[in-house]
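**Q** Chain B: place on chain A using the hints.
There are 2 protein chains.
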Amino acid sequence: MQIGFIGTGIMGTGIIKNFLRAGHVVTVYNRTPAHAQAVLDADAKWADSPRAVAAVSDVTFTMVGFPRDVEQVYFGSDGVLAGAKPGSTVVDMTTSQPVLAARIAQAAAKQSVRALDAPVSGGDVGAQKGTLTIMVGGDRSAYDQLQSLFSVIGQTVHYFGQAGNGQHAKMANQIMIAGTMTGLTEMLVYAKAAGLDLESVLATVGGGGGANWSLANYGPRILAGDYTPGFFVKHFVKDLRIALEEADRMGLDLPATKQAKALYQALLDAGHGDLGTQGLITSYPSWQK
Amino acid sequence: MQIGFIGTGIMGTGIIKNFLRAGHVVTVYNRTPAHAQAVLDADAKWADSPRAVAAVSDVTFTMVGFPRDVEQVYFGSDGVLAGAKPGSTVVDMTTSQPVLAARIAQAAAKQSVRALDAPVSGGDVGAQKGTLTIMVGGDRSAYDQLQSLFSVIGQTVHYFGQAGNGQHAKMANQIMIAGTMTGLTEMLVYAKAAGLDLESVLATVGGGGGANWSLANYGPRILAGDYTPGFFVKHFVKDLRIALEEADRMGLDLPATKQAKALYQALLDAGHGDLGTQGLITSYPSWQK
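Chains as they are written, first to last, in our numbering: chain A, 1 to 289; chain B, 1001 to 1289.
Honestly, I wouldn't trust all of these hints.
Straight line, CA to CA, 27 Å or less: simulated DSSO-like cross-link-like pairs of lysine-lysine [to be verified]:
1) A:K110 to A:K85
2) A:K258 to B:K1258
3) B:K1017 to A:K234
4) A:K17 to A:K234
5) B:K1234 to B:K1110
6) A:K129 to A:K234
7) B:K1110 to B:K1129
8) B:K1085 to B:K1017
9) A:K258 to B:K1234
Hints are computed from structural coordinates only; laboratory data are not their basis.
Chain A on its own, in the form it takes in the complex (with noise of 0.2 Å):
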């Protein structure tokens, strides 16, 4: 089967590499060619627009950064749709909103091109390793049959419905982190204020009803003063910011997403998107000292 693949960011980058080892020919487009090289390096060959990359491709997936990127990649003149073959299909696994994975959806029909939604989680290590967790939405059938491909990239593949839900299940991921990530800050601030053993902290917490993936993570990373990003603060507050409108757009009011946001906006507004989630910390002037 012939991959294409749009955008070699460091997400992507693992991605194409797992892709190539399993012996695909996989062809690449990247809005920074430089960013490219690692995979070509690796035998990827190279196109010269998302267009040239899916008239080549059965299956064009694309990873980029926001949703107006994912709307130029895909409905741009040069973009995807403009060149995916009829009986192809396209696949986006950028972070992205509900409702614009569902008119990708709707295109992507006219012409006969099957799309799925399918953002992942588990990080730049994830991507490396191929145990990212999929979680898509869209055409049924284009699902069942790329259930081989996502198998090579990802340990945890979830079918969730119609064009957006795998979106929406991102979405829904990402709430939840937002709420281990402020817990996890807020615990450590409060526990050095009081002069508490932070390591003993981490063990006794993690230990029992605290437990959580974030504490295990990212905690013995924010002792060791380590801010490098696993994940974007800047790419969190996208997300946030998604889940928050699509809430908006349900009706629903979620205060503790919208104070989890309102924390990480400060700090991205701070000159700190591109540091770490763990780095929510450091806007805690206590923690400093």
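**A** For chain B alone, coordinates are given in the frame of chain A:
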């Protein structure tokens, strides 16, 4: 060793039974004597006041409801400190104010009694099974001497330093759980409104970076409409109130924890203090539809 235990609620009852099973003599008191029947049937002895319990005990444990109860039980004319023998130890397992723990320790020291604050997590099941997490502050020699007793009732026991630090560690634990509970709640509210299959959402989110104890344990109960208390809303509000008062005293602003407290306070004010903490989701209007 003669053990005294004041407070035969759900938690106390489980703990006392484990002491009895391990062969200890346990003398108990409870404000409502009828609630002590289960442990009396298991061969605990009765005394007519906290003072009378302490007078016959080498170690007196207390586990009551609110800080005002702790104050009464220790400092009342029929209280523990009025009866405690020189050389004995008192251990408050109530989740209570760090500053009150320090006051008890000071008053106890004046009469050659050693004091520990030792709040727990792990709930009724942990109390029954002897698998509690115990967070200890106070006299180090008393902690060392009582380790074998703690090991009868707890799986993880950690010493955090001076009097009040056990309470501080418990506050840190509750701040973490405020994050997991609000995140879990709003995640499910969102996912339901979006029309996702909620069991799939729990499996997917709980299998990745959003994994946490609250999701694994309370998620399925919420889907089953089971809001019976593992941990009471009214007690969680008390804990978060203490945590935020302490944070305020230390000059900390913890916005996410404040928001979580506000949500649980509203649930309590609406008359639902006797729900389990997973009942928070019932306060989101769309969940009921």
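**Q** What are the numbers of the hints the structure violates, in ascending order?
**A** 3, 5 and 7
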